[in-house]
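Q: Generate the whole structure from the sequences, applying the supplied hints.
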Amino acid sequence: MRHDHPARWPWLALAGVGLAALPLAAAAAKRRGREADPDSAPGHTARRSSGEYRVVGRSVTIARPRAELYAFWREFPNLSQFMANLEKVEPAGSEPGHHTWHIRTIAGQVRAVDTRIAREVDGELIAWRSTGDSEVDTEGRVTFADAPGERGTRVSLIIAYKPAAGAVGDALANLARQSPELQARHDLKRFKMLMETGEIATAARTRAEHQRETEEAR
Amino acid sequence: MRALTWQGTKKVSVETVADPEIVNPRDAIIRVTATAICGSDLHLYDGVIPSMQAGDILGHEFMGEVVETGSDSTLTKGQRVVVPFTISCGGCFHCRITQFSACENSNPSEKQDMSEQLYGHPMAGIFGYSHMTGGFAGGQAEYVRVPFSDVGPIAVPDHLDDEQVLFLSDILPTGWMAADNAGIGPDDTVAVWGCGPVGLFAVQSALAMGAAQVIAIDHYPHRLELARQLGAETVNFHTSDVREALMEMSGGIGVDAVIDAVGMEAHGFAIDNMLDIAKQTIGIGADRASALKQAILAVRPGGRVSVPGVYGGMTDKFPLGALMEKGLQLRTGQTHVQRYMKDLLGMIEEGKLDTTFLISHRLPLEQAAEGYRQFRNAQDSWTKVVLKPGG
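Same order as they appear, the protein sequences are chains A and B. Residue 8 is where the first sequence starts when you use this note's numbering, and the numbers rise one by one after that. Residue 29 is where the second sequence starts when you use this note's numbering, and the numbers rise one by one after that.
Derived by calculation from the structure, the hints in this document are not laboratory data. No residue lacks a Cβ here, since even glycine has one placed at the ideal position from N, Cα and C. Hints may be right or wrong, so weigh each one.
[Unchecked claim] Distance ranges between label pairs, derived from CB positions:
#1 G75(B) with K95(A): 40 to 48 Å
#2 P49(A) with G349(B): 31 to 39 Å
#3 G106(B) with K95(A): 35 to 43 Å
#4 G139(A) with E43(B): 55 to 63 Å
#5 M375(B) with R71(A): 35 to 43 Å
A: Laid out in C-alpha cells, this is it:
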C-alpha cells in the first residue's frame, strides 16, 4: 500500500531511506577508472548507471557572468523561483549551509527535506546532500565554468538519488513524465530563462491562466 | 474578444475568448489592425503538424497598435508595430548571433520536450503554431499578448499603410532569407519551386540581389503570371518536364541555386510522391518532399539549395547521393525575422519593394474560416488573404 505520495520533484521523492557511499564521488571514480578509455563525456552521460543510485545531469550555457549565476544559486531560497515543485527553501537552524527544502507532492502536500552543503568552491561549485535524519537520500552538485568566447557560463547540474522502487519505480516515473532527468532539465532551462531574460517563458494569455498552469506544473 | 480558432483537421471557427493580459514584465498587448493567413497555416488546417489542440488561436502574421505594456517593455501605447512570427528573447546565445528563430528562451520549458526529441534541439516559440512551438495564441484575433516586446516588434511610420508593411512579420523576410540562403549574387541563375507568397517574394528578392535569371515553377497559371510580372521566367510543371526545362533554360549548365518554397505538402505526380501522399493521409506521416527532391536533381554541381518551405518530420528516398556527389550546399530554417526587418522596412519606405501586389482578398476576421477554405481550395486566385479584426 502506498501511504506516502511521491513528490513531483522525484529525484528527491523517489529516493529511499538510508545513506550509502557518496554516489557522485563514486561515479567520478568510475570515470577515472576508465582512463584507458578515450572518452571525455561526463560520467552522468554513461549508458549504464551504476549501483543502487541513479545519476542524472544536464548542462546549459547561460549568457551571464559566472559570479552572478553562482551568487544567485548559492542563495538557496532563490531556487524556488525556477524549480517548479519547490515551495520554498529556508535556512535550518543557525548552522551555515544547512537548509530545509519544502517540496510539493502530487497530492498537494508539502514534504520537508533537510540538506547540508557538502562542498563549495567560490564561483565554481556547490554540492549539497540530504542529512542522515532526512527521509530521502540524495545529493546534488551544480558547477559553473567559463564558456568559450563570449558565450557566458556553462552550468551543469548533477543529481544522484536512490530510487525507492528501483528500476520499476524509475520506469513508472518516466511514464508519468516526472522522471528526475526531465524535471532537472526543465528546472535548469527555467534557471537559464530567468537569468538571461529576467522572466520565465509562458504561453498563458491571462494571469489567471498562468496561475493555473504554475499550479498544475507542481 | 473574437479570435479564429483551430477545432480539428480542416475545421476552424471564429469564437469569443477571454482578452489577453500582461503576464510577464516584457510583454505588450497589441490591438490587431491587420493579420494574414499564411501558407504554413494551411499545414495546420490540413492537420499535418502535430501537437495542435482544439481552441488554439491561429495566426502568426499580424500587426497593430500597442494598447498595454508590461513594466519592462520598451514600447509605448499608441505605437504602430509589426510583430515577427518567431518569439525571441534577444539575450541567449542564438539571439546574440542573430539566429533569432533558434531562441532558447521563448518556448516554455515543458513544451520543449517534443521538438527536442524529434530534432535533437528544442524549437523556439512561434505565435499560433502548435504546442511544439509553445502553444502561444496567435494574431488572427482582436488582441494578442506579445512576449519580449522589447525585442521583436518593429515600429512603422504612419505614412505607410498596414498592407505595405504587414508582410514584414513573416513572408517578406522569409522570401528574402530564402534568397540570402541561396547565396544569390550578380549573374546567378536561380530556380524557385512554388509561386505562393514566399516563392514570389523569393523571386523578388533574388532579382533585387542581382540575379541574371530567375525561373519560377508552379502549376497555377495566375501565380505563374504574378511571377512573370515580377520579372521571372516560368515553368508549369503540369505541362513541362521541369528538370529538362531548367537544363535547357540554363544553357545545359543547370541553375546555380534552387529554392524550395513548397515544403511538406508538395503536389506532384512522381510515384514516390503519390506514395508519400498515401502515407501522410493514413497518418504514418512521411513529409512529401517532391519539390525538394526535384530541386536537388536540377541544381548544377557545386550549386546551392535553399529551403524556406516547411517540413516537420522525415522523408523517404531523399537524393542524398546527388547532394554529396554534386557537392551541393544546403541551407534552410525558420526565418530570423528580426535580422532582416529593419533593412526591409527601409526598402519599402524607399519604394524599392512593394508587397501589396500579392493581396487578392481582404476579409473581416469574422469571415476567416471562409478565407481558410478558399485559400486552401482556390489557390490560383486566392493568393493572399488579409483579415481585418473589427472590420
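Q: All the hints need checking, so say for each whether the structure fits it.
A: Comparing the hints with the structure gives:
1. G75(B) with K95(A): 40 to 48 Å: holds, 44 Å
2. P49(A) with G349(B): 31 to 39 Å: Given about 37 Å between the Cβ atoms, the range holds.
3. G106(B) with K95(A): 35 to 43 Å: holds, 41 Å
4. G139(A) with E43(B): 55 to 63 Å: holds, 58 Å
5. M375(B) with R71(A): 35 to 43 Å: Given a distance of about 36 Å, which is inside 35 to 43 Å, the answer is holds.
Consistency note: the structure conflicts with none of the earlier hints.
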